[in-house]
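Participant: Given chain A, put chain B in place with the hints provided.
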Amino acid sequence: MASLRDTRRRIGSVKNTRQITRAMKLVAGAKLRRATEAATAAKPYQQTLSRVLTRVVAGAGSVEHPLLNVPDNETDIVIAVLTSDRGLCGGFNAQLLRKVQIDVDAMIAEGKTVRLLAYGKKGNAYFSSRGYDVAEAHLDLDPDDYSDIADKLAEKLMSEMAGNAFEKAYVAFNDFRSVMVQDPTLAQVLPMVLDTDESDDQGGDFIYEPDGTEILGRLLPMALRTQIFQSFLETQAGEQAARMAAMDNATRNASDLIDSLTLVYNRARQAAITTELTEIVSGAEAL
Amino acid sequence: MSIQVEIVTPARIAHSGTCDTAAAPGLLGEFGVLEQHAQMLAVTQAGVVTLSSGDETTKLVVGPGFAEVGPDRLTLLVDHCESVDGIDKDQAKADLEAAYTELSKHEAGSEEGLRARKEADLAQARLQS
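Chains A and B, in that order, are what the protein sequence lines are. Per my numbering: the first sequence = residues 2 to 288. Per my numbering: the second sequence = residues 265 to 393.
A portion of the hints provided could be inaccurate.
One side only, chain A facing chain B, incomplete, derived with CB under 8 Å [unchecked claim]:
| no. | residue |
| --- | --- |
| 1 | A43 |
| 2 | T49 |
| 3 | E156 |
| 4 | Y266 |
In silico DSSO-like cross-links for lysine-lysine, where the CA-CA straight-line distance does not exceed 30 Å [to be verified]:
| no. | chain 1 | residue 1 | chain 2 | residue 2 |
| --- | --- | --- | --- | --- |
| 5 | A | K153 | A | K113 |
| 6 | A | K32 | A | K100 |
| 7 | A | K16 | A | K100 |
| 8 | A | K44 | A | K157 |
| 9 | A | K157 | A | K122 |
| 10 | A | K100 | A | K169 |
| 11 | B | K382 | A | K157 |
| 12 | A | K157 | B | K369 |
| 13 | A | K44 | B | K357 |
| 14 | B | K369 | A | K153 |
| 15 | A | K44 | A | K32 |
| 16 | B | K382 | B | K369 |
| 17 | A | K153 | B | K382 |
| 18 | A | K26 | A | K16 |
| 19 | A | K169 | A | K122 |
| 20 | A | K153 | B | K357 |
| 21 | A | K32 | A | K122 |
| 22 | A | K44 | B | K323 |
| 23 | A | K113 | A | K157 |
| 24 | A | K26 | A | K100 |
| 25 | A | K153 | A | K32 |
If you are wondering where the hints come from, they were derived from the structure by calculation, not from laboratory data. Glycine residues also receive a C-beta, built at the ideal position from the N, C-alpha and C atoms.
This is chain A alone, in the form it adopts within the complex:
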């Protein structure tokens, strides 16, 4: 059985840990607020864009655009994997990476060649160490640069698509549903999938300036950029939410551990006192 001093030392150490996890929870909470604000602020642009896009597509009837056509390539797949750079955020990265790995394995089994673009250290480490082809690794990303990073990724994918470098391109990220729920998602970004089910509730004839095709040619790259940018924002918000939840749990576990250790400590202390008393009493009786 651990000595009194050992137990006291352990209590001290768990208390220190609890202090750290509590601080991390608070920091994650503050960052989460900023991240959700950024995600909310980006919503109007995205919504207006998709509304306009739906209308143009509905108005144009048949739609022709290079970004919508399936490239002349049947083997190559590109997946951009968005994870966090840091750990201590519960299953946030693990649940996404597991899902992506299963999907990648399925694609490889079908005879495809999968190229991974890692955004965030965790995804890079996971797939490099397992022998997958990580073509690019972008590490230590600053949330302030997400817009630029997303633009660059969109440009790269569009130019690769023009050169028939892949059949399909996906973005894998954690969809931020709520603070408690982050949904691992593998979304196809190229060739673009248009949602044409929505009926055009506005009706009426639209004037297009210049013409519908020209507008579509400009809208689609914007939509792609926005979609990728949104994925980055969701990842950031999800990471902070997951970290906050994980650290909240850790803090609570530390408190529980401290309680039970304190119980052990008090019991041991009482036992020591009792032993000492018994010794004194029996010593006195022996005289």
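Facilitator: Just chain B, lined up with the frame of chain A:
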């Protein structure tokens, strides 16, 4: 007699308000919007958006994007928007020259070239404001 104007950038809603008349830089030239305008979708280029209500005029410099016009509203989807008040003309002039120098270094259509073109257009718009 007013139209609802919203200027939206990827990061935020940059401007939201009402005005009597609005003018935006369309790809084929500047167009004005009054109430009861026909529904229109237009590509816009970098330039100055002018919003007038009575004697009051608001000017904003915007990047390239889209305009969605309805009978009672104008929505601009642009990649950049800033108020005219904060613009330093000398800085804009220097930016324009720098962008032109950059532009001459790169092939037309290359990634850097396109970026320089964008910078040049924006600097030009700032100078015009």
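Participant: Against which earlier hints does the structure fall short, listed by number upward?
Facilitator: When the structure is compared with the hints, numbers 4, 7, 13 turn out to be violated.
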